[in-house]
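Participant: So the chains spell out like this:
There are 4 protein chains.
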Amino acid sequence: MAETSSSLPLPSRRRYSSGEIKNLTSVSSSLIPTFGKVVDDIGYLHLNKYVIAPYDRRYRWWQTFLVVLVLYSAWASIFELAFKKASRGVLLVIDLLVDVFFAIDIILTFFVAYLDKSTYLLVDDHTKIALRYITRFWFFMDVTSTLPFQLIYKIFTGKWHTGEIFGFLNLLRLWRLWRVSELFKRLEKDTRFSYFWTRLLKLICVTVFVVHSAGCFYFFLAAHHKIPAHTWIGAKKDIKDLKDNADFKQKSIWLGYTYSIYWSIVTLTTVGYGDFYAVNEGEKIFNMIYMLFNIGLTAYIIGNMTTLIVHAAVRTFAMRDAINEILRYASKNRLPEGLREQMLAHIQLKFKTAELQQEEVLQDLPKAIRSSIAQHLFRNTVEKCYLFNEVSEDFVSQLVSEMKAEYFPPKVDIILQNEIPTDFYILVSGAVDVLTYKNGTEQVQK
Amino acid sequence: MAETSSSLPLPSRRRYSSGEIKNLTSVSSSLIPTFGKVVDDIGYLHLNKYVIAPYDRRYRWWQTFLVVLVLYSAWASIFELAFKKASRGVLLVIDLLVDVFFAIDIILTFFVAYLDKSTYLLVDDHTKIALRYITRFWFFMDVTSTLPFQLIYKIFTGKWHTGEIFGFLNLLRLWRLWRVSELFKRLEKDTRFSYFWTRLLKLICVTVFVVHSAGCFYFFLAAHHKIPAHTWIGAKKDIKDLKDNADFKQKSIWLGYTYSIYWSIVTLTTVGYGDFYAVNEGEKIFNMIYMLFNIGLTAYIIGNMTTLIVHAAVRTFAMRDAINEILRYASKNRLPEGLREQMLAHIQLKFKTAELQQEEVLQDLPKAIRSSIAQHLFRNTVEKCYLFNEVSEDFVSQLVSEMKAEYFPPKVDIILQNEIPTDFYILVSGAVDVLTYKNGTEQVQK
Amino acid sequence: MAETSSSLPLPSRRRYSSGEIKNLTSVSSSLIPTFGKVVDDIGYLHLNKYVIAPYDRRYRWWQTFLVVLVLYSAWASIFELAFKKASRGVLLVIDLLVDVFFAIDIILTFFVAYLDKSTYLLVDDHTKIALRYITRFWFFMDVTSTLPFQLIYKIFTGKWHTGEIFGFLNLLRLWRLWRVSELFKRLEKDTRFSYFWTRLLKLICVTVFVVHSAGCFYFFLAAHHKIPAHTWIGAKKDIKDLKDNADFKQKSIWLGYTYSIYWSIVTLTTVGYGDFYAVNEGEKIFNMIYMLFNIGLTAYIIGNMTTLIVHAAVRTFAMRDAINEILRYASKNRLPEGLREQMLAHIQLKFKTAELQQEEVLQDLPKAIRSSIAQHLFRNTVEKCYLFNEVSEDFVSQLVSEMKAEYFPPKVDIILQNEIPTDFYILVSGAVDVLTYKNGTEQVQK
Amino acid sequence: MAETSSSLPLPSRRRYSSGEIKNLTSVSSSLIPTFGKVVDDIGYLHLNKYVIAPYDRRYRWWQTFLVVLVLYSAWASIFELAFKKASRGVLLVIDLLVDVFFAIDIILTFFVAYLDKSTYLLVDDHTKIALRYITRFWFFMDVTSTLPFQLIYKIFTGKWHTGEIFGFLNLLRLWRLWRVSELFKRLEKDTRFSYFWTRLLKLICVTVFVVHSAGCFYFFLAAHHKIPAHTWIGAKKDIKDLKDNADFKQKSIWLGYTYSIYWSIVTLTTVGYGDFYAVNEGEKIFNMIYMLFNIGLTAYIIGNMTTLIVHAAVRTFAMRDAINEILRYASKNRLPEGLREQMLAHIQLKFKTAELQQEEVLQDLPKAIRSSIAQHLFRNTVEKCYLFNEVSEDFVSQLVSEMKAEYFPPKVDIILQNEIPTDFYILVSGAVDVLTYKNGTEQVQK
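Protein chains in written order, with my numbering: chain F, 30 to 475; chain V, 30 to 475; chain P, 30 to 475; chain B, 30 to 475.
Be aware that one or more of the hints could be misleading.
Since the list gives no way to pick one copy over another, a pair counts as held whenever it fits inside one copy or between any two copies.
Computed cross-link-like contacts, DMTMM-like style, restricted to lysine to aspartate or glutamate with a CA-CA straight-line distance of at most 25 Å [what the hints assert, rightly or not]: (1) Lys280 to Glu193; (2) Lys413 to Asp145; (3) Lys146 to Glu211; (4) Lys214 to Glu389; (5) Lys413 to Asp462; (6) Lys218 to Glu388; (7) Lys255 to Asp219; (8) Lys381 to Asp350; (9) Lys396 to Asp462; (10) Lys413 to Glu211; (11) Lys433 to Asp452; (12) Lys183 to Asp452; (13) Lys231 to Glu419; (14) Lys433 to Glu389; (15) Lys188 to Glu389; (16) Lys265 to Asp452; (17) Lys146 to Glu354; (18) Lys433 to Glu388; (19) Lys280 to Glu388; (20) Lys433 to Glu419; (21) Lys78 to Asp134; (22) Lys146 to Glu217; (23) Lys379 to Asp145; (24) Lys379 to Glu217; (25) Lys413 to Asp350; (26) Lys188 to Asp423; (27) Lys214 to Asp423; (28) Lys433 to Glu310; (29) Lys379 to Glu354; (30) Lys433 to Glu366.
These are computed hints drawn from the structure, not numbers from a lab.
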């Protein structure tokens, strides 16, 4: 007599398939096969020598490490534009070091397989990988954003350039921010991380970056105006730490940076104390653009917050509404209190165990998976049941796939006397009292 | 002949079960049993002597009373940090008194049973309770936040300490705020309180606490700056009540507190008049952090408000949409006005009685409860009905469980002539006219 | 042979029932009968002599007229508190006139029937109406808010009082604002008015009222401060129209009112220019309360706006999503363009005619109404149909109640060749081509 | 033996019908036929000579071109009101040129057919078109907003008028903005454009227009005040580029425009630095109106943003919730990891392919279209299938219309052993292993 294939094979299969399936899961997240296309699940397991799979664990860590460097270079490239003095010191060394890491990544990219969009196969051919990378705009930007122009100029001419051009060339490094954007896209889809905190972190990152950029650029405008007293920072008369307004450029970088960021945040949050404000026309125009942009940013932040809060509140509202409906129904129809409490206990349990949502999700699974689940959950119970001894395997399989688990709170009626029986209950745990109402008295049969 | 068990037993059962079921309800709200686990509903009713159940009514009142004290100590600990003068007077005595109450609560906790997370049983063993409490970080924080460090120092050294250290140690009392958070979590799940007002109260509490904290800390920064004139409050030239800017520290606590809170609210609401603004760098940095935090707080407040308003409007929108659809359908198909009014009357009644939502909720209840409800509602009606005299009990039970109550507005057609009858109506109250259309005239049979 | 009762009786019944049903509709909107309660629809049609029904058309107009007066008295009572000079002139006369109207309404209330909450009957007994009105707090407030205290004082003492007491007593007239609140509640439920504009109007009214109240009270604070120069309006140095700061109280009411409202709006919108700001502590405290309140108001306005916009966008989103799904499905499965256009045309038509929502609403109507609709729509069509000549009335009735109207865009396949026919179509208007594909060529049978 | 009509006729029909159907689609978007009305799809294809169809491609391009001109004239008419100097130079010439284009459009309108609202037919009769256009208010506004009043006055009187009257007459050109509104309405319904970006563009347009209008009008108020020093721009003492405050009118237009827009944005965004603020009462009143309006605008922007973000997040939330439910269900019932991964893989695939939404949309299509789709997708597969050789065409047609495509990820159970087979699978691509569990060992039959 054959045993069913459900309970035993699954754990054993898991042993050899979990790895592939894990890969499959991550691949399938970027694959929408048309009818008639199937993924060949062997191709990407035996890659060419010296070729790394894009979902290799160590490669992922390397990518995450690069994101940290990206955050630094985004911060630094704007900061150095505004505070030219700073760009000559220790920051220059760190910048070069960071550039080396990104140069390594460019080289590494030639050894990473890619997923062909039309065949859904991993391509591990060196020529193909190289061709694909070089022929794209991506490669050009990667290289341009990594070249240390200032150093190259120094090497060729022997002296540091004093113009603004290299400050602006450094802004090319902002191109690397796509890596941060990619990371957040991935995190938002990953259920291991809370969506709320991921989204919040993203909003904070965007806000901080905007504040930093606006502040630095505003200082840049002031530092390059021909009359220092006609700038937002120079026109301020009662700066306690400065003897003269116009000498703000000779003061510490720290002071300038604090003032810039302070102005930036005061404007972003629309507090607008008015202790610093745009004086010349260039500043006014930049200020206008920044303020208009901030309307959008504020609306975006509030919109996101609302979305997250609405989503978080949906379940609470559903439970409260259900309970309120029951209370109203019970009081309208003057139901006895015991019945009302049974209803409440049941509804609360249902929401606590999130049964309703789970049933809905399970409905969408294919039949075979649902059967597997049922076999796993109920087969043991049914086989141990006295009633089903000696019953054929086939019948048990059929029966099991139709079963459902139900939990009853204590003191709840399960079947009423005289009712037509339509369900068959197997008692897994706990006890049931049989109360018959005979000759006017209630008899308990335990 | 046996009577059904539904109508009689329920009220009688209620008599002895309402207490337990109430407890069950509150317990079940923190219990999600896995399949196969059942709550033992006897265990927690006979607790050890000198052990209090966590849901004991008097213990709950004690906890609620402590929440009030928590609100005071949260307010006071920050206030005393900023206004050191105040912390020597009557506030010190009140603080000590409050600490005594919390010390009592720490001792009390050794006598309160707890719910074991894995077995869902109340543990009333003294050793277990004590071990669980002492071995946790919770206990350490409870004790640390209750110790009156300043007094201990006084006792040991014989003099008051003048440094800031005790002011910061007092901030440990903010740990107690988890009790407020717990209270709000409980209130939000309790349907006896309006969700809208609970949430609003929470938002107001958070806002007021933030305003108070920021204001006090801002004053603290000003009071500890070496040059009083270089502070946000000292730099203000035209304060009417002060002869000299720098003597703000000698002025009344009331004045300083008002000014601090005023600045705090002006910044939080982003009004930013500019009469007070950050002067030195320390103030600027604190101000920046506060403003950035306020973006989040504002978004949170607006998001919550939107959620509450959206939820409140859902039912109004549903009704208006349904009525509009009917009006559009009627005018598109040129339905006679009488028919249109019947449709409208019916829809309005349905929304008023909230029938639609109730039916949905009732659908999710288990069959036995739904049968009990039907028995309670319709059995009397059916038994009094002439047609069902002498009919067997079983048949009536079956019939009743299939019945539904329906309310018809006056002047509405119930069954049309020549229609196949599919429903059977029992008239509970009111009257029906039978109109037959014979030989071209309408005949009324009342 | 009997004719069906559906098509003919309805228009004739409409003639005598539209009046009552209209009343019923408006009454039913405030009536949620429990199972077993029925409204007696005769009682409230024959009222006692000299008693007015609350839904009498003229009484409704009178109420609407009073709302306009309420708006005036709400504006005036706060305005007069701040600008005492104004309360002696023409405003006093208007106030008295308005009070007369409200006195009339108090007297009128004794002649208006009311709906008993437990029996749902209109009570038209004079004693009962009077008792119910007098014994309630409502009556006390109505009278108190109508009495012209200032005039009474004048009459008794012979001179005008100069204190603030009557200004505050006048604020009792704000009690009348419940009438505005009632009006908006009614408008929001009335589908003849756009919900969007009703809600918007309400928000504008609330905002304007808040702005007016805060501005007037702020001026009141300044006008009653002992040192005029230490007030928000007196401290302002560069007011162009004033020679001296302190004489603002001697200037025109118009100037003071403009400045107050200007400050109020600058604060409410959180613009906070800083040209006017709180100077003394009383002003600071009021300002704080106003700003904290404004957080709530702003959140309320934004929340309402979001709710309205979300609701308005739901249908557009549904259509766009459906169309996008079809386009994606078609391109994924490479469906021929003709088929894709058929699908698109159909979906667009469905959304334009709002068929989907209508079907849902109709589903909730009771069977009798749905049958009536079907009889009205399809009976003529079926009876004119050659196929159903000489068929029994009963059969036609049954058939008709199962029919559905469907509209096909041109060039759309209705039945495919070789398909099992499951539906029976009656062509009401337009033409169908029969295309058979025989021997490799398409043959058109028109 | 007859072939089915589904696969062949469709592509051939497409050849001649795609044009009409396209027209139909665009027409049907403005047509809601009542039951019994059918569009005559011949009428509008053969239009009168010299008459243009409203959906003619070239006419559409012309309309789009006019929208660009509208944007210019909306900008210019307000700008010229504030800066009268500017309205004498090159702008006057451009204005006249733009007017010529709109004059051409007025003439053109006499040659464009219109859709009759009651018959849904295109009317191409010249007299009818002309009568309909001339008798409407629309025509009057079109003409009035196009007449160059200033030039006409010059021609008749021989000199330029110096009053404000023509500046206000120019504001009539704002009437043309309805074209922009129309364009956005069309774009929002067009699925080829992203709703998000369309809506964002609309919000930006509205904001920029409001900012421009308010700024210009504010300058207009200052420029026309009798005492230049008592204006918002004249009262500002430390404008660096001006020697004297009062001479701002003699300065460049560019400076005035920058300052006005700067003030406008500072107020709109509620930043309110306070460097410019309303000085005289006229300015104060305008400022108040602008600020109150801005509350609404801000709420509108945030509401729209929230709507868009909520809609965008719905799918992500649905997927995350479904995955979370499965993870919770799996861990609660201790399902083996293999089964859990199968469930996850399936759900992710389902959301990626958006199968759920598509099925829902397809359900709403009429039967004939769904059959056509099934024929197109599955007929070839079935006919190639060995099992259905020699089976009658009718049977295949029936079978095909019941088929569904399903995609299984690798390593997933399709049918469990011993299960009752209810579905019949045809393998289109890929391979299935048959694993039988016999005598305790698993046997693979490939």
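Participant: With identical chains, the pair Lys231 and Glu419 could be close in the same copy or across copies; at 25 Å between alpha carbons, which is it: within, between, both, or neither?
Facilitator: The answer is neither: 61 Å in one copy and 62 Å across copies each exceed 25 Å.
Participant: If the cutoff is 25 Å on CA atoms, where do Lys433 and Glu388 land: within, between, both or neither? Let me know, please.
Facilitator: Both, since 10 Å and 23 Å are each at most 25 Å.
Participant: Within a copy, between copies, both or neither: which one fits Lys413 and Asp462 at a CA-CA cutoff of 25 Å?
Facilitator: within (22 Å within a copy, 31 Å between copies)
Participant: Under a CA distance limit of 25 Å, which applies to Lys146 and Glu354: within one copy, between copies, both, or neither?
Facilitator: For Lys146 and Glu354, the Cα distance is within 25 Å only across copies (21 Å; inside one copy 52 Å).
Participant: Could you figure out if Lys214 and Asp423 sit no more than 25 Å apart (CA to CA) within one copy, between two copies, both or neither?
Facilitator: neither (47 Å within a copy, 50 Å between copies)
Participant: 25 Å Cα cut-off: does Lys188 pair with Glu389 within a copy, between copies, both or neither?
Facilitator: Neither: 70 Å inside a chain and 69 Å across chains, both beyond 25 Å.
Participant: If the cutoff is 25 Å on CA atoms, where do Lys433 and Glu389 land: within, between, both or neither? Let me know, please.
Facilitator: both (14 Å within a copy, 21 Å between copies)
Participant: With identical chains, the pair Lys188 and Asp423 could be close in the same copy or across copies; at 25 Å between alpha carbons, which is it: within, between, both, or neither?
Facilitator: Neither: 88 Å inside a copy, 87 Å across copies.
Participant: Check Lys379 against Glu354 for me: Cα-Cα at most 25 Å, and say if that holds within a copy, between copies, both or neither.
Facilitator: Both, since 15 Å and 14 Å are each at most 25 Å.
Participant: Between Lys214 and Glu389, at a C-alpha cutoff of 25 Å, which is it: within one copy, between copies, both, or neither?
Facilitator: neither (27 Å within a copy, 28 Å between copies)
Participant: Since the copies are identical, ignore which copy is meant and state whether Lys381 and Asp350 lie within 25 Å (CA to CA) inside a copy, between copies, both or neither.
Facilitator: both (14 Å within a copy, 15 Å between copies)
Participant: As a check of your reading, is Lys280 near Glu388 (CA-CA no more than 25 Å) within one copy, between copies, both or neither?
Facilitator: The answer is neither: 67 Å in one copy and 67 Å across copies each exceed 25 Å.
Checked against the numbered hints above, the structure breaks hints 2, 4, 7, 10, 12, 13, 15, 16, 19, 25, 26, 27 and 28 and satisfies the rest.
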